[in-house]
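Please put together the full structure from these sequences, using the hints given.
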Amino acid sequence: MSLPHRDEWNAAPGGFRRFERTVRVGTGDAAWRRARGDLLAWRVKTRSGFRVVPDDVPAAVGGRHWLEAGVGRFLLREPVAVVAVVDEPDRVGYVYLALPGHPLEGEETFLLTRRGDEVLFTLRSRSRPAPSRFWRLAYPAVRVVQVVVRRRYLRALRRRGHGGG
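If you read the sequence shown in UniProt numbering, its first letter stands for residue 1, the second for the next number, and so on.
Note that these hints are calculated values from the structure, not bench results.
Keep in mind that the hints are not guaranteed to be accurate.
To be verified - Okay, the calculated beta carbon distance ranges per label pair:
(1) 118 - 140: 33 to 39 Å
(2) 81 - 33: 24 to 30 Å
(3) 137 - 56: 33 to 39 Å
(4) 22 - 87: 16 to 22 Å
(5) 47 - 116: 24 to 30 Å
(6) 150 - 41: 15 to 21 Å
Nothing here was measured: the structure is a model prediction, and the numbers come from that model.
Here a beta-carbon is modelled for each residue, glycine too, at the ideal position from N, C-alpha and C.
Structure, rendered in structure tokens:
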């Protein structure tokens, strides 16, 4: 599992694809405060086209949520459990694991750090197809969606008003 209080993370176990990218989302204290609040309130997900259920509960260890995304009449519900949270003066973030019923097996980490005046957002994930036959067969399509969604995640905190990002 990725630990959000560490800069490095363990190698991906066999069969898992590893992804990590860091983007600058702003500068200064105001940008940090806004991005921190947005991150813990699941806005990376909601600004990327997901609905989080329950939506009034910040990311906290032990929290179980449904991440829902739909196109037309198709609704995808992804169950996840938050397994780690860090909330330090210059680092805040969380890790969730995909639970049975999710199209992927693995984890995602959403991490915000401050280096000097810069506010940086790091997205990490390890994933492979869920064990069900349906999701193994659908995996090529899921990978395409994953690429699109990751791009949205990386833009989600770079909103106007986040300190000149």
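Distance restraint hint 24 to 30 Å, applied to the beta-carbon atoms of residue 81 and residue 33
This hint holds: roughly 27 Å between Cβ atoms.
Cβ distance range 33 to 39 Å for residue 118 and residue 140, holds or violated:
Holds, since residue 118 and residue 140 (Cβ atoms, about 37 Å apart) stay within the stated range.
Taking 15 to 21 Å as the hint, is the beta-carbon distance of residue 150 and residue 41 inside that range?
holds (20 Å)
C-beta pair residue 137, residue 56: status relative to the range 33 to 39 Å that was hinted
holds (36 Å)
State, for the Cβ atoms of residue 47 and residue 116, whether the hinted interval 24 to 30 Å holds or is violated.
Check passed, 26 Å falls within 24 to 30 Å.
Taking the beta carbons of residue 22 and residue 87, is their distance inside 16 to 22 Å?
holds (19 Å)
Of the numbered hints listed earlier, not one is contradicted by the structure.
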